[in-house]
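Asks: Residues per chain are reported as follows:
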Amino acid sequence: MTQKVFIALQDNDSARYLVEAILEDNPHAEIQHEPAMIRIEAEKKLVINRTTMEEKLGRQWDVQEMLIDVISIGGGVEEDDDHFILQWK
Amino acid sequence: MSAKNRKLNLKDKYQYLTRDMAWEPTYQDKKDIFPEEDFEGIKIKDWSKWEDPFRLTMDSYWKYQAEKEKKLYAIFDAFAQNNGHQNISDARYVNALKLFLSGVSPLEYAAFQGYAKVGRQFSGAGARVACQMQAIDELRHSQTQQHAMSHYNKHFNGLHDPAHMHDRVWFLSVPKSFFDDARSAGPFEFLTAISFSFEYVLTNLLFVPFMSGAAYNGDMATVTFGFSAQSDEARHMTLGLEVIKFILEQHEDNVPIIQKWIDKWFWRGFRLLSLVGMMMDYMLPNKVMSWAEAWETYYEKSGGALFKDLERYGIRPPKYQDVANAAKNHISHQAWATFYQYSKATNFHTWMPDESEMKWLAEKYPDSFDKYYRPRFEYWDRKQKEGERFYNDTLPQLCQVCQIPAIFTEHESPSVLSLRQVEYNEERYHFCSDGCADIFNDEPEKYIQAWLPVHQIYQGNCDGSNVSEVVSNYYNINLGKDNLDYDGSPDQKRWQEIKNNGSK
Amino acid sequence: MAVEIRTLAIEPIRNTYGHTARRFGDKPATRYQEASFDIEAKINFHYKPLWDPQRTLNDNARTNIKMVDWYSVTDPRQYYYGSYVANRAKMQEVAESNFSFCDKNNVVENLNENLKNDLLRLLVPFRHMELAANMNNSKIAGDAVAATVAQMHIFTAMDRLGMGQYLSRIALMIDGATGQGLDKSKDYWMNDPLLQPLRKLAEDTLVIDDWFELSFVQNLLIDGFMYPFVYEVYDKIIQKDGGVCLSMLTEFMRDWHKETQRWVNAMCKTVYAENDENKILMESWTKLWIPVIKNTFLNLANEIGCVESLNEIESDLNCRLAKFGLIVSGESK
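Protein chains in written order, with the numbering used here: chain G, 481 to 569; chain C, -6 to 497; chain D, 2 to 334.
FYI, nobody ran anything at the bench for these hints, they're computed from the structure.
Among the hints, erroneous ones may be present.
Residues on chain C that point at chain G, a partial pick, calculated with CB under 8 angstroms [claimed, not checked]:
(1) L1
(2) K4
(3) D5
(4) Y7
(5) Q8
(6) N197
(7) V216
(8) F220
(9) E226
(10) H244
(11) K294
With a straight-line Cα cutoff of 30 angstroms, these simulated DSBU-like cross-link-like pairs (lysine-lysine) come out [said to hold, decoys possible]:
(12) D:K201 - C:K36
(13) D:K270 - C:K24
(14) C:K378 - C:K492
(15) G:K569 - C:K312
Backbone N, C-alpha and C define an ideal beta-carbon position, used for all residues, glycine too.
The task is simple: from the sequences and hints, build the whole structure.
Replies: Structure (structure tokens):
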């Protein structure tokens, strides 16, 4: 059986950078566009890296800033200064 | 350099900024400070193993939440100033909002109360702080929903008294008893019920359909508050998962207790969500996805991954999961048929789906709709066209636990009503399913207390001897204005005026 | 040139919700009104709580105070969630820039060692008092039976957590973000005889069951001593001892207390004016707790040499009480 993790984001400007960063760091991720919402799912694990986001945005970025745009998640969460990770172990 | 001279990392720093402020009491007995932590039988050996779900200090909390609120209220203001209600797909859509405001928003407030309470009850400060943060978030949701619907209330009927109705109206005792059940339980069961079973396992089935429904039907105010509220939900869901893992890791004796609660709260949540199912399949003029599809995506797929992950603790998927999975093809139709009949006693309108909607339902439910539901719906539709719109004036038998009328059918035979009875202290109690009967049998002394609206009406406790008296005196629902069929309603007339003026 | 905005003029069929209209009339309501009044469940609860089987959920009897309508207690600031976080976000922005100023200029690092130690012993331990206040206010928010009352207390609960975190950050500036300063400060809290009456006071509040008594004791009486003592009197002593800029790091607390007194005063005034039973209870709590609280701070006042200020604080507090009619004869002298 597959074990997908997912993150759903509001379809807005700041989320576009997040989506770009996620897709770059998680080549196995699949993206689905729904009304006002973007859903990204992946087998087992999804990572958001602070450094990738900072490259995309050209500024400092705090991992917790993602909390403003996220709608829902599925999977266990691990969070530190540099990453936000969703995964099933 | 010794370990102690190193700068703290995020995790340790957060611990210093939260749980390290707590201390082991010596002037008062710990049991007197936390008297409600033990009675459920959950064994916690070491609260220091608690993993903080999101490490938000208050300064960041204020900052991020203020930013969210600023965006949200800017949209509410614009929505009201531009009469945004005129841009929705059809006025029938607003009935979904009536159901939401009277059925769900008061639960947000109840959640606030529940989390504030457990935010004091645990002796682990990490858990307390996480609960308190959820408490204030839930207050936020209750208030932003009130504000988002405020403009609709000025232009449509049935949204005018949500909290009053939630305390009284027959079908609203379904959500109310759900939350009363959780709040009257101990703190660990409350978290298993609300944080885990509801927030983590089932909340996507509540919010994503409602909000996507709003987006498909041109309701920007609701989309915005919904998604903005959901951004808090990510934190709440993480708390739900952490709390379950923490309790399970603390002691093996906790496993059977948690399993029992997961079974119970899965089933109670599933029953509650039949209201959402009918909203998705019948109340949205522009459909998003069917209830069955939502259940597959958000329960069968996501829940499957979750319970596979929890296997290592000795937790299995909820009992009667197979019954719920099979019922996805039926419950929305059964619920809508019920509300259609009892439309004299609701705060929203009902109607029969038109031909294109019937076609959509047949496509989405190839094995059930045409066979079991279409004939009855077409019959009712014919009767209505002949001027005999069907209303049921007898009061239904309610399930003692979920409080939904006995409308659901047997797992294997969808034309047979599912009814169960249990005798307790020489009284006979009625149930809609094995799931609900099990819940009763485990705690009969709790469920015999249930405030069952139909019994209360018969006992004369609801300001009236018949349905129409109760509806107007006790519920504060205006018969014929707030309810009955959508066709011919004041809402429909106003909507036609708006559309006619707009096209001039 | 006149700009004509073409929208369809559609008259509303009502101006506000029924529960709001019953209180304030059917006219456009404020956001505070729509979100704060009569939204809490009142009747027809299904099950008695397992943790308190004598009473129902949302039971008026979780305090001995009697009110015909708890919604007569309102917030003069008219905070609902959105306006609350907006205000705190502004306050935290100022605090953040103060902390960052002190950080950049090594303000705390450059303090003399004696003062640093004094701060760990006499200022930072108040973070534990904040945590107790956080717990108490969370309990009250869970027990109060009107949303106007409950929301003020959950806001306060979160404020107290935040202020405990600001105090902790002062220690992290002292110890170079290693946590050693906080460990040392906590050791004082647990073991230093000077601080034990304070810790006992905190623990004693954690077993008060009556939620209104708890709010009265915590938010009026204890805070009425603690805030002026720590953030006015002791703050001046810190400045004299060389910590001139340190006040910047506790500015949030002073602003907060000034603001908070407004709703605490308003609440107590309304409840006291309601009936004689309430008056008697509030007077008895005052008589019971003021001497205890004053004694608790006496140790500290002796240590830092400001016993006189403590008497001033007490008389200020008595003036606050007298404003809503609560006059206690001078037993605590």
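Asks: Can you name, in rising order, the numbers of the hints this structure does not satisfy?
Replies: 1, 3, 4, 5, 10 and 13
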